[in-house]
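In case you want the letters, here they are:
2 protein chains.
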Amino acid sequence: MNMKASKEVSLNMNVRGLGQSATLAVNAKSKALLAEGKTVYKLGLGQSPFPVPDCVEQALKDNAHKNDYLPALGLPALRKAVAEWHSKQEGLDFKPEHVLIGPGSKELMFNLQLVYYGELMVPTPCWVSYVPQARIIGRPISLIRTPFVDRWHVNPTALEEHCASEDDDYRPRLLVLNYPGNPEGCTYSSEQLQRIAEVARAYRLVVLSDEIYGPLHHKNEHVSIARYYPEGTIISNGLSKWCGAGGWRLGTFTFPPDLDWLLEKMGVVGSQTFSSVCAPIQYAAVAAYEGGAEIEDYLAHARRILGALGMRCSEMLNEAGVLLHDPTGGIYLFPDFDPFREKLAARGIVNGAMLCDKLLEDTGVAMLPGRAFGRPTRELTARIAYVDFDGAKALDLSREIGLDQPLSEDYLSEACGNILEAIGLICDWLKG
Amino acid sequence: MNMKASKEVSLNMNVRGLGQSATLAVNAKSKALLAEGKTVYKLGLGQSPFPVPDCVEQALKDNAHKNDYLPALGLPALRKAVAEWHSKQEGLDFKPEHVLIGPGSKELMFNLQLVYYGELMVPTPCWVSYVPQARIIGRPISLIRTPFVDRWHVNPTALEEHCASEDDDYRPRLLVLNYPGNPEGCTYSSEQLQRIAEVARAYRLVVLSDEIYGPLHHKNEHVSIARYYPEGTIISNGLSKWCGAGGWRLGTFTFPPDLDWLLEKMGVVGSQTFSSVCAPIQYAAVAAYEGGAEIEDYLAHARRILGALGMRCSEMLNEAGVLLHDPTGGIYLFPDFDPFREKLAARGIVNGAMLCDKLLEDTGVAMLPGRAFGRPTRELTARIAYVDFDGAKALDLSREIGLDQPLSEDYLSEACGNILEAIGLICDWLKG
Chain V
6 MNMKASKEVS
16 LNMNVRGLGQ
26 SATLAVNAKS
36 KALLAEGKTV
46 YKLGLGQSPF
56 PVPDCVEQAL
66 KDNAHKNDYL
76 PALGLPALRK
86 AVAEWHSKQE
96 GLDFKPEHVL
106 IGPGSKELMF
116 NLQLVYYGEL
126 MVPTPCWVSY
136 VPQARIIGRP
146 ISLIRTPFVD
156 RWHVNPTALE
166 EHCASEDDDY
176 RPRLLVLNYP
186 GNPEGCTYSS
196 EQLQRIAEVA
206 RAYRLVVLSD
216 EIYGPLHHKN
226 EHVSIARYYP
236 EGTIISNGLS
246 KWCGAGGWRL
256 GTFTFPPDLD
266 WLLEKMGVVG
276 SQTFSSVCAP
286 IQYAAVAAYE
296 GGAEIEDYLA
306 HARRILGALG
316 MRCSEMLNEA
326 GVLLHDPTGG
336 IYLFPDFDPF
346 REKLAARGIV
356 NGAMLCDKLL
366 EDTGVAMLPG
376 RAFGRPTREL
386 TARIAYVDFD
396 GAKALDLSRE
406 IGLDQPLSED
416 YLSEACGNIL
426 EAIGLICDWL
436 KG
Chain F
6 MNMKASKEVS
16 LNMNVRGLGQ
26 SATLAVNAKS
36 KALLAEGKTV
46 YKLGLGQSPF
56 PVPDCVEQAL
66 KDNAHKNDYL
76 PALGLPALRK
86 AVAEWHSKQE
96 GLDFKPEHVL
106 IGPGSKELMF
116 NLQLVYYGEL
126 MVPTPCWVSY
136 VPQARIIGRP
146 ISLIRTPFVD
156 RWHVNPTALE
166 EHCASEDDDY
176 RPRLLVLNYP
186 GNPEGCTYSS
196 EQLQRIAEVA
206 RAYRLVVLSD
216 EIYGPLHHKN
226 EHVSIARYYP
236 EGTIISNGLS
246 KWCGAGGWRL
256 GTFTFPPDLD
266 WLLEKMGVVG
276 SQTFSSVCAP
286 IQYAAVAAYE
296 GGAEIEDYLA
306 HARRILGALG
316 MRCSEMLNEA
326 GVLLHDPTGG
336 IYLFPDFDPF
346 REKLAARGIV
356 NGAMLCDKLL
366 EDTGVAMLPG
376 RAFGRPTREL
386 TARIAYVDFD
396 GAKALDLSRE
406 IGLDQPLSED
416 YLSEACGNIL
426 EAIGLICDWL
436 KG
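Chains as they are written, first to last, in the working numbering: chain V, 6 to 437; chain F, 6 to 437.
One thing to keep in mind: the hints can contain errors.
When chains are identical, the list treats them as one kind, so a pair holds in a single copy or across two.
[Claimed, not checked] Straight-line Cα separation of at most 27 angstroms, DSS-like style, residue types lysine-lysine; simulated pairs:
#, residue 1, residue 2
1, 34, 85
2, 100, 34
3, 348, 47
4, 93, 9
5, 36, 85
6, 66, 398
7, 436, 363
8, 9, 85
9, 66, 85
10, 100, 36
No lab work stands behind these hints, which were simulated from the structure alone.
Model the full structure from these sequences, guided by the hints.
See the structure below:
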């Protein structure tokens, strides 16, 4: 038996059959089309369209010489800045010693699932990596499918029924909530969060509150469930979305004091895996979380652009007869093409994956099927990331328009014309 | 039961009782002494004393604006540069598609152990993280204790006996070799590597060849076991040691084609955990691995300094009656104080941990006990990292002396006086 064949005996069962994320697959297909000289509208990849703010980029340059290993839990100045940032946002009192820094919030989520011996409970549609992480580690997974009418969010009553149905009140469970959400672009109201908090308290759930899009709530009205369930909520944040720094890989977890045992063990696992996060990046992140006028301005324009653009896309799709909710934050729409089921079936399209494939082939518009987000295969849902435009140019143009004014149709055509064109192509394709 | 108490039911058994690395513990104690106003010689932490080469630091500044998510396997230009670098070093033909980039080689080792379902086999003394990683994942661990007379390295005959003794010829095993080694500063001869390769081939071992200190072989004569066991060797490297960039967190794995199934699944796990490595750092690393005159010069001086200093320390300790081998590469010495066992026992010191504790208290010299490297508790071994000096100054002073000349005692006193002082204190303390 040669080394190649030893694959058959020595590959961890938990990773067999597991592929790279769906996002990457659609990228590969898009690249192939581009290579053929076709126009591709990349509504598949969920990356911020905006550059890193100048002051943060400058902070990275200023700290390029920093080469020491930093503490596994994170640079003290950064833990302090993150604690103060969340304290200010939520009106709560977070301490630096309850903040953990990681090379992306995704890595921290993996380490949390590794350290916490419990079931992963996820409302779907959900972000692509929660479930594969649980699979790799070998944790039980419990999906809670949510309906369109609930804005694809978990209904507190359904959550309670789900918890009760497992007939195991002491079951250790990790509930993931992601709002404003990927893939659906909606958020929870304060009242909903309060009701979910009651259920979480009754069942002693650990809530992983993925608030990576929080600062991109289009009206800057993000509220964390930590306000209502402080004792059991871990807030996840990071630079990737609000600071345009996906490629920099910096995520943060903020723990309640009662979960310090998880923080401590995650620090141990961190020290034995990634060691510590890249030093120059951590120093730069201090500038980002300390904020200031430049960052405020950047975020105000980013929110206004994403809000106006998301709303316009939603209007266009609604007018065409697609089922979807107006977005309230982040960079996504999650249309359901079910009203077109018969028409699409006549064209041989009977599920979301086929829909996305055919749309990409016919029009060059890349979306991701609902299946990638834990939805049933047969469903005709898909995720649109409305970010394939030049964010630097869009910010510049937005800065010419007073923040008290709305962004016009003309602005959107000039700054984000590409996206409107893509949405137009989807609408036309549905008619055809 | 509150959230704090749920620790008792929902903490993964594999992380219970696991602390942060021993290195960090000695750091904490050193800091406490410094706070008391005492002088501390930090021979505990194994960090390069040198700054990042100017051209690499500049490359980081030039790429500070890079904010895209890079591919999970690594930036193509970097994978190419690493493949060419190893090809040149070893006279083999490594391809870019067989290189994997991670946020530190430690993270890649963890992911390898996660993906590979097999036993971890480690000669000890060994680096502090291999074994805790296997514990976290829950893999069987097999330690092979090596004797002083074999320069603390695994003897091919002993390796063969160990493999045969398990009575399971098809057992999937991952053998870790680390040379030049942490903690012992020695390396394997080509002949030894050839004989180990024969055993590895017979038992189809996957060899994780940790060559992070390879470029710091004091005579620049590092040879990889990949020359003799190409089909089963994964070479681990990274920027931390040879490029003075421990805090930057960039590691590389180079696979043989027959182990592409491990590479592929590690890519999947990478995409679901750290996603990709920090983009600006990867672009900067291209400059490091592409090399050139400035890097050659930097390495030539670094090797000369470490070689001369390590040798001088070894001489001093040998003269004092301590058992140790002259170093051949890297930044460590692994003295055995066993000749002083009776004398130390009279002072109440009966194991390595007590020796390190008492030495630190009495003299301010911090070392790490052999126990941290998988040695028996009772043993009087310890690791010395001879790097607590100003590397930038040492490089500048070395550049004033032609590379064809040896570094004098005067040079060492001026550039690394701190280390000689610390070694002197150890020798005096042993007499006392």
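Results of checking the hints against the structure:
1. With identical chains, the CA atoms of residue 34 and residue 85 are at most 27 angstroms apart between copies only, with a shortest distance of 23 angstroms across copies and 43 angstroms within one.
2. In this homomeric assembly, residue 100 and residue 34 come within 27 angstroms of each other (Cα to Cα) only across copies, at 24 angstroms, whereas the closest approach inside a single copy is 45 angstroms.
3. Only within a single protomer do residue 348 and residue 47 lie at most 27 angstroms apart by alpha-carbon distance; the minimum there is 25 angstroms, versus 73 angstroms between protomers.
4. Taking identical chains as interchangeable, the C-alpha atoms of residue 93 and residue 9 lie at most 27 angstroms apart only when they sit on different chains, with a minimum of 25 angstroms there against 55 angstroms within one chain.
5. For the identical chains of this complex, residue 36 and residue 85 are inter-copy neighbours only, at 20 angstroms across copies versus 42 angstroms inside a copy, given an alpha-carbon limit of 27 angstroms.
6. When the C-alpha separation of residue 66 and residue 398 is checked against a cutoff of 27 angstroms, the pair qualifies both within a copy, at 23 angstroms, and between copies, at 23 angstroms.
7. For the homomeric pair residue 436 and residue 363, the shortest alpha-carbon distance inside one copy (14 angstroms) is at most 27 angstroms, but the shortest distance between copies (82 angstroms) is not.
8. In this assembly of identical chains, the alpha carbons of residue 9 and residue 85 lie at most 27 angstroms apart only when taken from different copies (23 angstroms versus 49 angstroms within one copy).
9. When the C-alpha separation of residue 66 and residue 85 is checked against a cutoff of 27 angstroms, the pair qualifies both within a copy, at 22 angstroms, and between copies, at 26 angstroms.
10. Proximity of residue 100 to residue 36 under the C-alpha cut-off of 27 angstroms is restricted to the inter-copy arrangement: shortest distance 22 angstroms between copies versus 45 angstroms within a copy.
Checked against the numbered hints given earlier, the structure satisfies every one of them.
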